[in-house]
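Going down the list, the protein sequences come from chains C and G.
Residues in the first sequence are numbered from 1 upward in steps of one, following the UniProt record's numbering.
Residues in the second sequence are numbered from 1 upward in steps of one, following the UniProt record's numbering.
Read the hints as simulated data drawn from the structure, not as lab findings.
Check before you lean on any hint, since a few could be wrong.
Claimed, not checked - Below, simulated DSS-like cross-link-like pairs (lysine-lysine); rule was C-alpha separation at most 30 Å, straight line: (1) Lys318(G) x Lys60(C); (2) Lys293(G) x Lys321(G); (3) Lys347(C) x Lys60(G); (4) Lys293(G) x Lys318(G); (5) Lys293(C) x Lys60(G); (6) Lys22(G) x Lys82(C).
What the hints assert, rightly or not - In silico negatives: residues of chain C with every beta carbon more than 12 Å from chain G: (7) Glu49; (8) Pro72; (9) Glu113; (10) Ala145; (11) Asp151; (12) Arg155; (13) Glu182; (14) Ala241; (15) Ser270; (16) Leu282; (17) Gly292; (18) Val356.
Don't be surprised by glycine CBs; every beta carbon is placed ideally from N, CA and C.
Listed here are the chains, written in short residue letters.
2 protein chains.
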Amino acid sequence: MEYSFSQSTNALTSSAVREILKLTQGNQVLSLAGGLPAEDSFPIEEMREAFNRALDLGPKSLQYGLTDGYIPLREWVASRMKQKHMNVGVENMLITTGSQQAVDLLCRVYLDEGDVVLVENPTYLAAVQLFQFRGIRAIPVDGDAEGMDMDDLARKIAQFRPKMVYVIPTFANPTGKVWSAERRLGLLRQCREHNILILEDDPYGEIQFDGEAPYRSIFSLDEHPQGSAVVYTSTFSKIVAPGLRTGWAIGDSRVIQMMVKAKQAIDLQSSTIDQIALHQLLDRFDLEAHIGKIRCSYQERMEWMHELLTREAWTGMKWSKPRGGMFLWVELPEHIHSEKLLAQAVKEGVAFVPGVPFYAAQAQTNTMRLNYTLLDRENTELAVSRLGKAFAAYSQVVAG
Amino acid sequence: MEYSFSQSTNALTSSAVREILKLTQGNQVLSLAGGLPAEDSFPIEEMREAFNRALDLGPKSLQYGLTDGYIPLREWVASRMKQKHMNVGVENMLITTGSQQAVDLLCRVYLDEGDVVLVENPTYLAAVQLFQFRGIRAIPVDGDAEGMDMDDLARKIAQFRPKMVYVIPTFANPTGKVWSAERRLGLLRQCREHNILILEDDPYGEIQFDGEAPYRSIFSLDEHPQGSAVVYTSTFSKIVAPGLRTGWAIGDSRVIQMMVKAKQAIDLQSSTIDQIALHQLLDRFDLEAHIGKIRCSYQERMEWMHELLTREAWTGMKWSKPRGGMFLWVELPEHIHSEKLLAQAVKEGVAFVPGVPFYAAQAQTNTMRLNYTLLDRENTELAVSRLGKAFAAYSQVVAG
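Excised from the complex, chain C in its bound form (with noise of 0.2 Å):
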């Protein structure tokens, strides 16, 4: 049997990065790699209270449910959308498998292929791979510490007619920058304008470490929820656990209905359980208090990195303080092609991500993403540590 792939496939060849982290997997090399969240942030009792209160519903918890997702809960993620400006009703919500998925499903329902959408640079790397996998074209628009640069922007639409931007304006992966409100404001009125849609990702909005009000979503900013140019998507992953694979999508109720029918045809529903489970914690948890926790303790492994960079002091490397997320990004000398500093940090026992493939194209070769929520204080130290002498081995070589 020959097998013959279809022809978007060609998007997911596997990268060597992806080779280079998978052989770091069940070893002993630290990983700043991933997204992951420091694992003694989940509440692990309240959750195994939640599911046995879940299971006391009956057996409705093991059923097929709605394709749009368990009504409590999007009840509750309504009632904290109002808090946070964004008036949505349950008919405006769907409930998907990570926001991941509300990715997948905005672009089958909104996009053909050869369609444009327009991407900061770098962005999200998997949002990068969704869209050239539905034969989308992700096209970058210049940007700073604001935002995107809103002459390039007019720039782009004007040359590629987008039906879309993707947009991560709080905390972004994997630069950890905040948009500006000055520039919400300026893509919101240019999409208006255009008549283009906004897919916002906000995943990390809720991990801010100053103590300033929230910033505003885009969403929030536009008219809500009829008629929005925004679709607004969030996740559970980073404020109670990824394990769960619940996020969800907010929007016009004919732009989420869509989504609704395209996932009954692709997975019927996200796990039953799991989303009453969740709505039995969120029922009785504290979760202001749960993500004042992790904000805490993130930022401190924040600083802590922040504090280990600053005292390795490697010639020529500069990076930003975020001020949340899960992200820090880094700059290294331009003849540092950090794919190959990779290699040599994998022998030395640690990895991370190089920032090649975060970008749609023009890709800098010398950035690297660096997570610090996962690993505690002495690893972090350790990682960092073994990060010096990978960048120490390889400035030697390519000075050799």
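Given the coordinates of chain C, assemble chain G onto it according to the supplied hints.
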């Protein structure tokens, strides 16, 4: 904001049937429509213990896991598949969000827009919808009680040059049909000869009523797993519980690994804790005894519905007693259009699925699918009697 959906959403337009069935939710309408397992078959207390034990394993039960699925669960499935003459390893297997997702993943990695899939006629309506949503042409092959007609299969292969054939050879949805061994081998021979992949969907194979040896899967009759012309998919939905949304696909490792890459982009992975809990359940559970009970109970319900239909004795109605599975496929007198009958039935307080959406083409409008697994004895009796009233009322209108 003007929304403009992708072309593929044309395949998702809500059917009249779905709209009618929506009206039945949450009220007093008895449903013979869904494919829902009997809720008294769910092992609630065993699942409770299993979730507890999963959480005893610590934070990994709530953390991200492997895209291809929890290894001990895959090992368990592999060992069960071996008992059924399918000698596969974990590298030949992918855990999916129900077997429905396996169909979607295989479509996405194996078929391009415009490609042809041959299907039984009628066949699983959500598979047909999924093919259409992907822009794939689903072409029906004639068949009889033994399976696809081998001559028509040969003709359709020559005419349409399909890349795939989709079949449910054991207790098919919606017909309850079981393919003969000869037809299984015939399909395999023709597909191997023309390098066509077979997608064998087997959600109901375990629900066998007669005491015979289990019917051999087409996958088990082929070379396996490497080089197999078959990708086989099944699920825990019918033998444990559907709310866990856990299914699997097995096949050649190159095909499976391509599906894994697609799943990584689409939703990263299915629920970690559901997979671990399911493994904890299966590890201590007498699954054989449990399946035995389900078989008995479903056979009893099927016999009861058969008896009730026989008693009602509506003129011109025909059906075959299924040897397993969850559905009874009914042919009505030719002048009866079952979608119109449904509207009448819902007024009487009973719902079913009309046959039309199960046909990729050449639909027989005088057919309907009745589910016999969900309702208990009393409600089944009430449902069939309401159906009788609807039938009488409809016949009068037609006669008048």
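Now for the hints, and whether the structure bears them out:
1. Lys318(G) x Lys60(C): violated, 34 Å
2. Lys293(G) x Lys321(G): Distance of about 20 Å is within 30 Å: holds.
3. Lys347(C) x Lys60(G): holds, 26 Å
4. Lys293(G) x Lys318(G): holds, 29 Å
5. Lys293(C) x Lys60(G): The given pair, whose Cα atoms are some 20 Å apart, holds under the 30 Å limit.
6. Lys22(G) x Lys82(C): Given that 30 Å is the threshold and the Cα spacing comes to 28 Å, the pair holds.
7. Glu49: Glu49(C) not clear of chain G: closest Cβ-Cβ about 10 Å, inside 12 Å.
8. Pro72: Consistent with the label, Pro72(C) stays out of reach of chain G, its closest Cβ about 14 Å off (over 12 Å).
9. Glu113: It is violated; Glu113(C) is separated from chain G by about 7 Å at its closest Cβ, not greater than 12 Å.
10. Ala145: holds, 29 Å
11. Asp151: holds, 23 Å
12. Arg155: The assertion about Arg155(C) holds, with a minimum of 22 Å to chain G.
13. Glu182: Non-interface label stands for Glu182(C): nearest chain G Cβ at 21 Å, farther than 12 Å.
14. Ala241: The claim is violated: Ala241(C) sits with its nearest Cβ about 4 Å from chain G, within 12 Å.
15. Ser270: Violated, since 7 Å does not exceed 12 Å.
16. Leu282: holds, 15 Å
17. Gly292: holds, 19 Å
18. Val356: holds, 17 Å
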